[in-house]
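*Asks:* Each chain is listed here by its residues.
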Amino acid sequence: MISLLDCFFYSISSMLVASSLAVILVRHPVRAALFLVLSFVMAAMLWMLLEAEFLSLVLIFVYVGAIMTLFLFVIMMLPAEESLSWKKWRGFPFALLLFALLLSLLFYMLKHSLLLGASASPADTTSTYTNTQAIGHILYTQYALPFEMIGILLLVAMVAAIMLTFRGRRVDAKGQCINKQVRASKQDQLKLVNIPSEGEKG
Amino acid sequence: MWIPEGIVLLAAIIILLTGLRLKNAKLLAGLARFSLLLTMLATILIKTYSWKHHLDTLISELWFMDHIAFVMKLTIEITAWFVLGLGVHYTQHEDIGSGEYYALTLFAVLGMLIVASAAHFMVLFVGLELFSLAIYALVASQCHISIGIEAAIKYFVTGALASGLLLYGISLIYGATGQLAFVPLMQDLGVIANGHSLLISFGVICILVGVAFKLGVAPFHMWVPDIYEGAPLSVMLWIATTAKIAAFAILVRLLWNVLAPLGSIWQPLVQFLALLSILVGNTAAIAQSNFQRMLAYSSIAHMGYLLLAVQLNTESAWSVALFYMLSYVIGTLTAVAVILLLQHKHAHIKQINDLCGLHQRHPWLAFILLLAMFSLAGVPPLLGFMAKWQIVQMLIEQQQIGYAITAMLLTIVGAYYYLRIIKVIYFDDLQPLDPAKPNIYPPALLAVQPTASIMAALCGGSLLFLGIFPAQLLQFCLQVF
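Quick mapping for you: the protein sequence lines, in order, are chains A and B. The numbering of the first sequence is our numbering, which starts it at 1 and goes up by one. The numbering of the second sequence is our numbering, which starts it at 1 and goes up by one.
Calculated from the structure, these hints are not laboratory results. Remember, it's a predicted structure, so these values are computed and weren't measured experimentally. It is possible that part of the hints are untrue.
To be verified - The following label-pair restraints were derived from C-beta to C-beta distances:
hint, chain 1, residue 1, chain 2, residue 2, range
1, A, I150, B, I412, 44 to 50 Å
2, A, L102, B, P268, 20 to 26 Å
3, A, L102, B, L55, 22 to 28 Å
4, A, L78, B, L17, 42 to 48 Å
5, A, V58, B, H67, 39 to 45 Å
6, B, V157, A, L78, 17 to 23 Å
7, A, T141, B, D56, 14 to 20 Å
Idealized CB from N, CA, C, for every residue including glycine.
Throw the hints in and build the complete structure from the sequences for me.
*Replies:* Rendered as structure tokens:
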């Protein structure tokens, strides 16, 4: 018996797999990025099926809304190169071998029903909590320490990014000095020179 | 409980802010080192306090306060203090000693301290990322030199891959057991140790690969030589000593505090990693002409010996591994300290041949370098010999005579490249750098640096002293686990 939930699950996950494949198979980088957006949205929908609505929305806000938008800007600014030709890809046999190995490993694990046997299904909860409240509660009590550490981590990332990109003020940089402009008087700027007119010469 | 970490964080932020105006690298480094001294003091005080009042070694499932945490923290702080002190002149000279540089080093120390007492996967991973991120940026601190940028990008990409694998392994274990905190997880794993599923063993393998990347053991070593060569010397010293201790702390936490019941899964893998690292490190180092690349391969080989002790997975074996780690760190610190002292503005020492005739110019520095090389090679009566001897003794006690013989044979191979440096220092003649300027020789002092010289001498002396009287240190290591 296939329930409606199963229908949703299989259609969403097949679209997720298809769009993820498209990310690496499509030649044009902008389209690849758009397919990545699609796969993020599909993953978010999968999470929604698991009743993890907060994570699902965060995925859309952060990845689709912020990161991928930035990514698209960067890709659009770079000159589009058609460098992804199959002929140049020398490592293909090795990659195929690795792929086959990993796939067989995956099927081996599936056969032993280790992943499917312990499939996660949302527990039937009748609590008054919502998911977001629960995450917030655990984040600021039990996991307050790692949460603070992530704050420091972000600070480090910011400092490092500034250190690597800031090269100091250039010597020949042009800029206004407002003070100097305001303080300027006629005497500094204007010089009166007596030039005899041509008529007087003669 | 978090006083040492708090001091480091506070100092990092103060240095970051004062570094905006203050451009004096010496003063900033002094501030950083002073804060590290305070941190050491705080670590010791907290340890004695909690020992006296019999406080719990575990705080809210997130934070260990045990002997391992104490020892790891103290060694990280002391080596960081030495690394900063030795690198002051170099950073000033290379113009990388800005406020951000010292702030990032302190942030890296903070990450390492967090890792050392992590009792939860979340804390461990965030600490690991904290110190990795700071070191990626430090490698690229000479952003006008392309080799430095190349090294930083390689380090960043491989490091990100390693973190991803580690995280994947953690998620698999979490999926199988539903536990993230180390203490309950270890109990659970002890119960299911015999009938463990493939999911768990897959997770263990992923975790092991991630840690092996961080530790730089073969076959996950490809990044090590490039980063050692490309990074500024002071940062390279940082990666070779303090970061290695932190990686060892991660190894202890993961393999000893979590995955010890699953030894049957990871012990054969660690044996393979150990033997391959010893083989690759010792043979590839022979072909190197660059001093930093040679040290990189040497570190790979040393991590192999360390893992040879780790794979035994007994309390005394872990203690011996700690002892070996200390001997490696002191030896490397001494060797790089001498090279740091010798950087001259006309001549960077990059190649081994740049050290020709060092004995004639600076006999004391030559002697200190000789001690370091003999110790790393494992020549009695130095500390490196005692460490190798302990490992071999442990292997023979556990009936792993084949491993002991292989390790010792490869040590003889490895002795070649250490002895070659000694030959270059003592038996080769001085060669002028440039035929046009016959009075400038490569091994020249950067500047007279009394403190750094004393520190280098202290490291070299401790190699000799601890080699002759190792009992105290060994006893100390045995009490940790």
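*Asks:* Compare the structure with each hint and give your call.
*Replies:* Hint by hint, here is what the structure shows:
Look at I150(A) against I412(B): about 48 Å separates their beta carbons, and that is inside 44 to 50 Å. As the Cβ distance of L102(A) to P268(B) is approximately 21 Å, the hint placing it in 20 to 26 Å holds. Hint check: L102(A) to L55(B), Cβ distance near 47 Å, so the stated range 22 to 28 Å is violated. A C-beta distance of roughly 36 Å is found between L78(A) and L17(B), which places it outside the suggested range of 42 to 48 Å.
A C-beta distance of roughly 40 Å is found between V58(A) and H67(B), which places it inside the suggested range of 39 to 45 Å. At roughly 19 Å, the beta-carbon separation of V157(B) and L78(A) lies within the given 17 to 23 Å, and the hint holds. At roughly 19 Å, the beta carbons of T141(A) and D56(B) sit within the given window of 14 to 20 Å.
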